[in-house]
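If you read the protein sequences in the order shown, they are chains A and B.
So the first sequence is numbered by our numbering: it starts at 1 and just counts up by one.
So the second sequence is numbered by our numbering: it starts at 1 and just counts up by one.
Warning: the hint list may mix true and false statements.
[Claimed, not checked] Among the chain B residues that face chain A by a calculated CB cut under 10 Å, a handful are:
#1 154
#2 168
#3 173
#4 179
#5 261
#6 272
#7 287
#8 289
#9 296
#10 300
Hints were generated in silico from the structure; no laboratory data involved.
Predicted model, so just to flag it, every value in this text is computed and none were measured.
Note that beta-carbon positions come from the ideal geometry of N, C-alpha and C, so glycine has one too.
Residues per chain are reported as follows:
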Amino acid sequence: MDRRDALKSLFAFIPLGAAFAGITAMGVGFISPNKREVERRIFTIHLDELEINATRRFKDLRGRDLMIVRTGENEVKALSTVCTHLGCTVSWQDDKQQFYCPCHQGIFDKDGKVLSGPPPRPLDNYKVELDGKNVFIYFKDTEG
Amino acid sequence: MAFKKWIAESFPVDQEAFIKLTAEPIPNHLKRWWWGLGGTPMYMFFVQVITGIMLVFYYVPEADKAYQSISYITNEADFGWFIRSIHRWSSNIMIAALILHMMRVFFTQTYRRPREMNWMFGVVLFLLTLMFGFTGYSLIFEQMSYWAMKVGTGIASATPFIGEWMGDFIRGGSEIGQSTLTRFYLFHIVLLPMITALAIGVHVYLIRAHGVSELKFKGDENEEKKSFPLFPDHVYTELIMVTVIMVILVTLALLFPAQLGEEANPNKTPLHIKPEWYFYPVFRWLKVTNLTVGILGPIFFIFILFLWPFIDRFFEKRLPGKEVSFWIGVIGMLTITFFFLLEIIGH
Numbered sequence: 001m002d003r004r005d006a007l008k009s010l011f012a013f014i015p016l017g018a019a020f021a022g023i024t025a026m027g028v029g030f031i032s033p034n035k036r037e038v039e040r041r042i043f044t045i046h047l048d049e050l051e052i053n054a055t056r057r058f059k060d061l062r063g064r065d066l067m068i069v070r071t072g073e074n075e076v077k078a079l080s081t082v083c084t085h086l087g088c089t090v091s092w093q094d095d096k097q098q099f100y101c102p103c104h105q106g107i108f109d110k111d112g113k114v115l116s117g118p119p120p121r122p123l124d125n126y127k128v129e130l131d132g133k134n135v136f137i138y139f140k141d142t143e144g
Numbered sequence: 001m002a003f004k005k006w007i008a009e010s011f012p013v014d015q016e017a018f019i020k021l022t023a024e025p026i027p028n029h030l031k032r033w034w035w036g037l038g039g040t041p042m043y044m045f046f047v048q049v050i051t052g053i054m055l056v057f058y059y060v061p062e063a064d065k066a067y068q069s070i071s072y073i074t075n076e077a078d079f080g081w082f083i084r085s086i087h088r089w090s091s092n093i094m095i096a097a098l099i100l101h102m103m104r105v106f107f108t109q110t111y112r113r114p115r116e117m118n119w120m121f122g123v124v125l126f127l128l129t130l131m132f133g134f135t136g137y138s139l140i141f142e143q144m145s146y147w148a149m150k151v152g153t154g155i156a157s158a159t160p161f162i163g164e165w166m167g168d169f170i171r172g173g174s175e176i177g178q179s180t181l182t183r184f185y186l187f188h189i190v191l192l193p194m195i196t197a198l199a200i201g202v203h204v205y206l207i208r209a210h211g212v213s214e215l216k217f218k219g220d221e222n223e224e225k226k227s228f229p230l231f232p233d234h235v236y237t238e239l240i241m242v243t244v245i246m247v248i249l250v251t252l253a254l255l256f257p258a259q260l261g262e263e264a265n266p267n268k269t270p271l272h273i274k275p276e277w278y279f280y281p282v283f284r285w286l287k288v289t290n291l292t293v294g295i296l297g298p299i300f301f302i303f304i305l306f307l308w309p310f311i312d313r314f315f316e317k318r319l320p321g322k323e324v325s326f327w328i329g330v331i332g333m334l335t336i337t338f339f340f341l342l343e344i345i346g347h
């Protein structure tokens, strides 16, 4: 191949390669789901409806279970019941006062800390805000 | 005669090339039928394509209708239970046959030069088949399959570096839902079959291009010819084997038809969860290791398996005649079997 031919192929392949790369990037962008997340502040419960140490189950905006625990006079915790290992739902074992994940036998205490099994971190907490006696929780939602 | 002439004109086939193609020399060891089971996964793939197309006539890939459509196929459509059972059993036989085939190739070391590339295509085909099993099982949308999907996509999400993107890409979002089902359906009935058919084509082409590797057996030295022709001798053997495998397949489908569990409930993980049998070792491994090791372990295993011909060559150069590959293979098999049995006994 002489210099002229090499130059010709270069001019032919550079735009073609760029077009291909552009179309591929657009394609990957198209098939990758959008992740525009927004946080929403939602009223969940009035403190008078929940005694100290009592729990109540709720669902977040994505339909996942969470548990609200009143831990003190003016203290409330909202704990996700989605296992931090691989996403199964943990169940509360009242007799043992612990959460149990049946998928890979992860165990968490009532505060969500890992007691045993493979989960890499405690159960996730939702951000909670008290406005007087009204309990608000910040939920993540997908925009649109 | 005019018709024959028209056929020859409009569909020109080089007769000599065709005869040559069908007269490929097959090594004598393949006269023993149990050495000729490498084609079983391919026959099972054909069975799955045919039964899969039939199932698509009734399956509805919508989160709130998928389970009902499978229930309709299983309980109401004429012969639906049988078609579904054949589809399910052929996938199980395909995976079992692939494992046996890979073990045979591994322990007879027929992946060695110049067949390294074909071994790698074989590993890719094995992974594709596991993906078929996983996506197909998930489409049922019953409790067990839903939570298997949850764990499976959770594994993808927890993969270092690309995990988050990969998990979201497979699920079509951060949660399992309609987008996940649409994507799994697309993977299962379009992308995976296309890629698998292509990979099978290359795998078979490479077998033809390199020739079937010859294995020596006691007593074979006296035979005058070292090989026999593909057609008709070996083709007949294969046809008999296909018939036998089909009898086994139909018997399994009749005796143990595919069942349907409870409908998926995204809020309640069943107390006893189990994946399909071929994921038992990984499932148990994930229970006894932390998440990073749990995920990197199988990836490392696949990586080693993929590059095995080159690793084997390295050992053979450094420690010639020590059979290092054989013993690594034995240890690997025993470890996988150990985790497999642990998962069975564990419940």
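For each hint, the structure was consulted:
For the restraint placing residue 154 (chain B) at the interface with chain A, the shortest Cβ-Cβ distance is roughly 3 Å, inside the 10 Å limit, so the hint holds. Annotation: interface hint on residue 168 (chain B) holds; nearest CB of chain A at approximately 5 Å, less than 10 Å. Using the Cβ-Cβ criterion of 10 Å, the hint placing residue 173 (chain B) at the interface with chain A is satisfied: the shortest such distance is roughly 5 Å. Contact between residue 179 (chain B) and chain A, as hinted, is supported at the beta carbon level, the nearest pair being about 7 Å apart and thus within 10 Å.
Using the Cβ-Cβ criterion of 10 Å, the hint placing residue 261 (chain B) at the interface with chain A is not satisfied: the shortest such distance is roughly 15 Å. Nearest Cβ of chain A to the Cβ of residue 272 (chain B): about 7 Å, under the 10 Å cut. The hint holds. Here the hint on residue 287 (chain B) is kept, as its CB sits about 5 Å from the closest CB of chain A, short of 10 Å. Restraint check, residue 289 (chain B) versus chain A: the minimum CB separation of about 7 Å is within 10 Å; hint holds.
For residue 296 (chain B), the interface hint is violated, the least distance from its beta-carbon to any beta-carbon of chain A being 13 Å, above 10 Å. The criterion of a C-beta within 10 Å of any C-beta in chain A is not met by residue 300 (chain B), whose closest approach is roughly 17 Å, and the hint is violated.
Violated hints for the displayed structure, listed by number in ascending order: 5, 9, 10.
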